[in-house]
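Chemist: Going down the list, the sequences are from chains L and P. Start counting the first sequence at 1; every next residue gets the next number (this note's numbering). Start counting the second sequence at 1; every next residue gets the next number (this note's numbering).
If you anchor each label on the Cβ, the simulated ranges turn out as follows:
#: 1; chain 1: L; residue 1: His382; chain 2: P; residue 2: Ala359; range: 48 to 58 angstroms
#: 2; chain 1: P; residue 1: Ser349; chain 2: L; residue 2: Asp347; range: 55 to 65 angstroms
#: 3; chain 1: L; residue 1: Leu351; chain 2: P; residue 2: Ser137; range: 37 to 47 angstroms
#: 4; chain 1: L; residue 1: Lys132; chain 2: P; residue 2: Ala359; range: 30 to 40 angstroms
Calculated lysine-lysine pairs in the DSSO-like style (CA-CA distance at most 27 angstroms, straight line):
#: 5; chain 1: P; residue 1: Lys401; chain 2: L; residue 2: Lys401
#: 6; chain 1: P; residue 1: Lys150; chain 2: P; residue 2: Lys132
#: 7; chain 1: L; residue 1: Lys401; chain 2: P; residue 2: Lys374
#: 8; chain 1: L; residue 1: Lys374; chain 2: P; residue 2: Lys401
#: 9; chain 1: L; residue 1: Lys401; chain 2: P; residue 2: Lys365
Because the hints were derived from the structure by calculation, they are not lab data. Built from N, CA and C at the ideal position, the CB exists for glycine as well.
There are 2 protein chains.
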Amino acid sequence: MIEWLDGGVTAPMGFEAAGAAAGIKYHGRMDMALVYSKAPCVTAGTFTRNVVKAAPVLWDRELVEGGTPGHAVIVNSGIANACTGSEGLEACCITAEAAAAALNIPVDSVYIGSTGVIGMQIPTDRITAGIKLLAESKSASQEAGTLASKAIMTTDTVNKEIACRVQLGGKTVTIGGMCKGSGMIHPNMGTMLCYITTDAAVSQALLQKALSEIVEDTFNMISVDGDTSTNDTLLVLANSLAGNACICEENEDYQILHDALYAICLNLCQRMAADGEGASRLIECRVEGADTKEHAKILAKSVICSNLTKAAVFGKDANWGRVLCALGYSGVDFDPQLVDLFFEAGDESLLIFTDGSAADYSEEKATELLSGDKVVIRAVMHQGKESASAWGCDLTYDYVKINADYRS
Amino acid sequence: MIEWLDGGVTAPMGFEAAGAAAGIKYHGRMDMALVYSKAPCVTAGTFTRNVVKAAPVLWDRELVEGGTPGHAVIVNSGIANACTGSEGLEACCITAEAAAAALNIPVDSVYIGSTGVIGMQIPTDRITAGIKLLAESKSASQEAGTLASKAIMTTDTVNKEIACRVQLGGKTVTIGGMCKGSGMIHPNMGTMLCYITTDAAVSQALLQKALSEIVEDTFNMISVDGDTSTNDTLLVLANSLAGNACICEENEDYQILHDALYAICLNLCQRMAADGEGASRLIECRVEGADTKEHAKILAKSVICSNLTKAAVFGKDANWGRVLCALGYSGVDFDPQLVDLFFEAGDESLLIFTDGSAADYSEEKATELLSGDKVVIRAVMHQGKESASAWGCDLTYDYVKINADYRS
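Same shape as in the complex, but just chain L (with noise of 0.2 angstroms):
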């Protein structure tokens, strides 16, 4: 039993957060966010799979690799610190450095995201006055994760926190977490950063395995341009001041801490694709009756990359052949004469394609349904019992804009 709660990184016991102005994005805008536990916390982590990877992405896989307990994330926003070679690594020591030092926690225990330009030099000096600032004004109140959340944005359009409650053994436990989108001002590469904390007990090997399986329906199922970030990344810390029975086996507290999680996740997810860079609605692609799992994620995840498919829900045109093609060339199977289509928004569901061709529906009831903040395109394929979804958002006119402006 899942209970939905106010706030975010710092709904859990025992974290703080704050945000801060360090003078790395133009204007004065908060560009620095920190998330900190007093306790040690296990910590888990997911990271891009891009072959380029940005020097804090190597930083902190090291660091969840190595095992080290996790005192605190130090994130910011402007610059990606990715194409940076060893330069950049430097600024990935220099930060942990600082943050070791103002918040007097060891080096190898401090994680750092950086989200923004690739190729530019983070400027470490404002970084580590940055840090200061971050660590003396950090607090346990929900504002304060407010604020971190609002830190990590760059051309999002609203900030995304969340955070909920279970009961694991007659103790609760609180989740919470903040993630940012795609683009910047300055646009250039958009980045998924992701920080959940809890104050749940449990292992770094089940934190890691719940992690990893939770990814893969969820943050890995969603697209908002096809391009994946030189800088991705999904931290989880666990501080374990719930003073639940430590999760060390896959129980009936792990299956609920596992659900909680999928649930945050879940949530974070379909918010970042619905605040895609330019989006004015969500698309959400399910696909049913796939023969396997994998062949469901990938017709679904085909038909949300879609230019074309994006492009039409934008304009709200009913313009399905696009999903059929898009179904077509994603590598999987099928037959197309099997195939039933739906166009659904709440309650309601339209079908659109059956028995290899259009079905008798209303292009007016099909522009209705696709004219609200959530769109969900439904495709049985009649092969077998598989499914899964997926989620993006429509291309517009204001995607061109955001990532065709000069940077300066």
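Please arrange chain P on chain L, whose structure you already have, making use of the hints.
Modeler: Relative to the frame of chain L, chain P by itself:
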């Protein structure tokens, strides 16, 4: 030695063509084309790999595989005849029967192509009336070839035809071709159609072999929007009227014909990319020094398919991090530290990225190089000796406009 000529599909001996307005498109625009050879042709073809295949693709593929001599191609624009079930296949039969009667040729010598809205049924009465117009007006003139190339256009802004001449054993062999790219006034699935004629004498097996090889390095290396159409078709008709000794083995003549066919395909595919929906400039990505040819192709294609790179080129923004990023998520492994990246236009070349970080380049110069009709992005991987090129176009407001407008 390839000699370029004016003209298109009617340039080779014995080929006639026509274009007509059959009332499939609105406003009396031309929407049907004929390519005809009185002499029987060996025919090679390549077709979409989309699982969802349009009826004319199924029709043509069967004919090419059957190997019966070809005499005519009937193409309509306006309706794609895709996702149309058994009624769509019936429309192909009716079309072929009407053409066979009007041209006095066998039904199984008639190839069919369609491009336009997916899901609508073909009005066969208009098609058969159109075929009569085409048969009456067909001619071997250059103008007739041009009319045919115009009649297959949808949102193409220019018609695309080409012809060249080579010497084979003292005989002059001519090759002509026409193709169309993406989009419609009632925009829908873009479709690539390409028809090439030649008076060369060549066996079907070798013509198909040459074509299949060439397509991998030309048409399969372009992308406008990453969406593989349900209708993509490339046909070559060879009627042997040039009188050269029939090419039945991979001798010197085969190589000359292969090279000429390659040059024709390379020219047409680049013009198709440059005239992609909404495009303002052609992008070529040249990857050199890859470990395998396959990897070079994957890397080059990943760059020209990146929405973020495409939008940056539209904005004349030397946002090279997006290029590195697209190379990085292509699925090919490489060492980012070794990559040299150049922006090029005409004879000018600008080193942008080297030794793992930005080169000391002039942003002004980079913007200048990105401002022409054609931009070359050259990535030298230093992993091996293989190279490949891919071609695409920038992502513009017009692309969104063309594809978001309502169909009706």
